[in-house]
Amino acid sequence: MQRLPILLFVCSLMAAAYLYGAFSYRYSWFPTSQLREAKRTIQGLIETWSGNDVLSAAEGSAIEIVDSTRITDNLVLVMGIGPNRRNFVHIINREGQIVHEWMPNWFEIWKDDTQFPLERRPKSQPGAIVHGIALLPSGDIVLNFEHLSTVRLNMCGNLVWKLPNLGHHSVHVAEDGNLWVSAEDYIEENPTGFQNHTAPLQSWTIQKISPDGKILKTVPVIEILKSNGLEGLLHLSSIENGKTEVSGDTLHLNEVETYPSRFSSDIFAPGDLLLSLRNINTILVIDPNTYKIKYRETGAFLRQHDPDFIGGNLISVFDNRNLRPSRKPEKPASRIVVIDAAKQNASVALSGAGEHTFFTSIMGEHQNLPNGNILVTSTTEGRVMEYAADGSLLWSFQNRVDDEWNGHVTMGMLLPDKYDKNFFTERARACAAE
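Under the numbering used here, the residue at position 42 of the sequence shown is numbered 86, and the numbers go up by one with no gaps.
One or more of the hints may lead you astray.
[Claimed, not checked] With beta-carbon atoms standing in for the labels, derived distance ranges:
#1 R129 to A377: 24 to 34 Å
#2 S112 to T401: 15 to 25 Å
#3 P181 to N234: 36 to 46 Å
Source of the hints: derived by calculation from the structure; they are not laboratory data.
None of the values given here were measured: they were computed from a predicted structure.
For glycine and all other residues, C-beta sits at the position ideal for the given N, C-alpha and C.
Let the sequences and hints guide you as you build the complete structure.
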């Protein structure tokens with residue numbers, strides 16, 4: 045009989061715990077939101093730092109020149125992960141031979157990384173992945189160590205400057221010589237001024253940086269959306285009935301680019317900023333002074349990257365079209381989509397579901413070339429391919445780290461004529477003389 049009260053007490057505790065669990069899940073009482081955020085963090089860490097996180101199975105030849113008559117012999121900048129999980133930036137010719145290289149090493153550049161969030165401080169190679177790059181007229185490069193730092197290296201690979209700005213994904217050189225990057229304000233404690241946003245919060249910013257590494261302007265994307273009356277886009281990651289609280293990587297800014305003066309448009313003006321917000325499937329074009337939105341497209345692509353102005357009112361977008369894990373009724377395939385801002389329609393310029401397939405669930409780049417071809421960087425496949433406008437494969441590069449695996453490629457870029465072999469050879473001699 046003495047056990048009955050104890051049993052009833054235990055049962056009542058279990059019932060209370062069950063009821064609290066049910067109601068806390070429904071109404072997001074403590075600790076539901078904390079557990080959800082912990083789950084997202086753990087999933088992200090597993091995805092980012094699993095054993096083969098930067099590798100994919102190799103298939104076919106490392107270099108394939110399918111039709112040399114339809115491609116130029118310009119050099120190609122390739123950036124990614126090489127043998128021993130090391131970051132690299134290579135300038136290669138069409139046969140895959142290295143003309144020049146940089147080997148950005150996080151652990152050499154940031155020997156003291158205590159100013160970065162603890163959970164982001166790299167512990168082993170490749171450290172932070174290099175992601176987003178610009179080649180300057182001098183031959184220097186500006187690149188991002190993903191989610192951590194924007195740095196400038198000279199032709200010899202020496203550090204010119206570095207910023208603890210949590211730069212990520214894109215680096216764009218404007219016509220005035222200044223740089224635009226996507227950066228971040230990582231808020232680890234309850235944020236103020238961000239209604240219905242809770243910590244940890246990745247508040248994405250567009251950042252203007254001078255060539256000598258001074259931050260000239262930092263603008264939060266959340267404020268841009270709020271000032272344009274688009275608060276609804278800030279809370280798309282919330283699925284609760286009774287609340288719209290959000291946290292974490294709600295927007296994921298992955299591109300900042302300016303409209304060039306050589307183009308003419310009845311919608312855009314030189315200097316207008318093109319932004320890509322992956323996690324809400326949205327691109328924006330804004331006035332760089334007032335931040336008023338001139339154009340917005342949402343939903344014509346799925347987890348997109350690398351939108352580019354390509355002339356007039358046209359914007360070309362790398363549509364990752366990440367339909368994972370579902371493989372029915374169609375297998376996932378990325379594609380290049382062209383948006384006509386005036387006509388407000390979208391068309392597929394290149395499909396990765398064709399004979400020569402390409403698909404990357406994250407990242408990805410593309411470049412519309414002067415001859416009408418399209419250069420595609422399929423990051424997680426470790427490939428860079430040049431296609432004709434009709435979808436024919438003309439040239440391909442695979443970033444082999446050994447006989448079985450490709451390392452991820454975060455950038456493939458065909459260089460203008462001025463960046464020829466002599467350009468790099470002459471500057472390499474100067475490095476050797478130092």
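Against the structure, the hints come out as follows:
no.: 1; hint: R129 to A377: 24 to 34 Å; in the structure: holds (28 Å)
no.: 2; hint: S112 to T401: 15 to 25 Å; in the structure: holds (23 Å)
no.: 3; hint: P181 to N234: 36 to 46 Å; in the structure: holds (45 Å)
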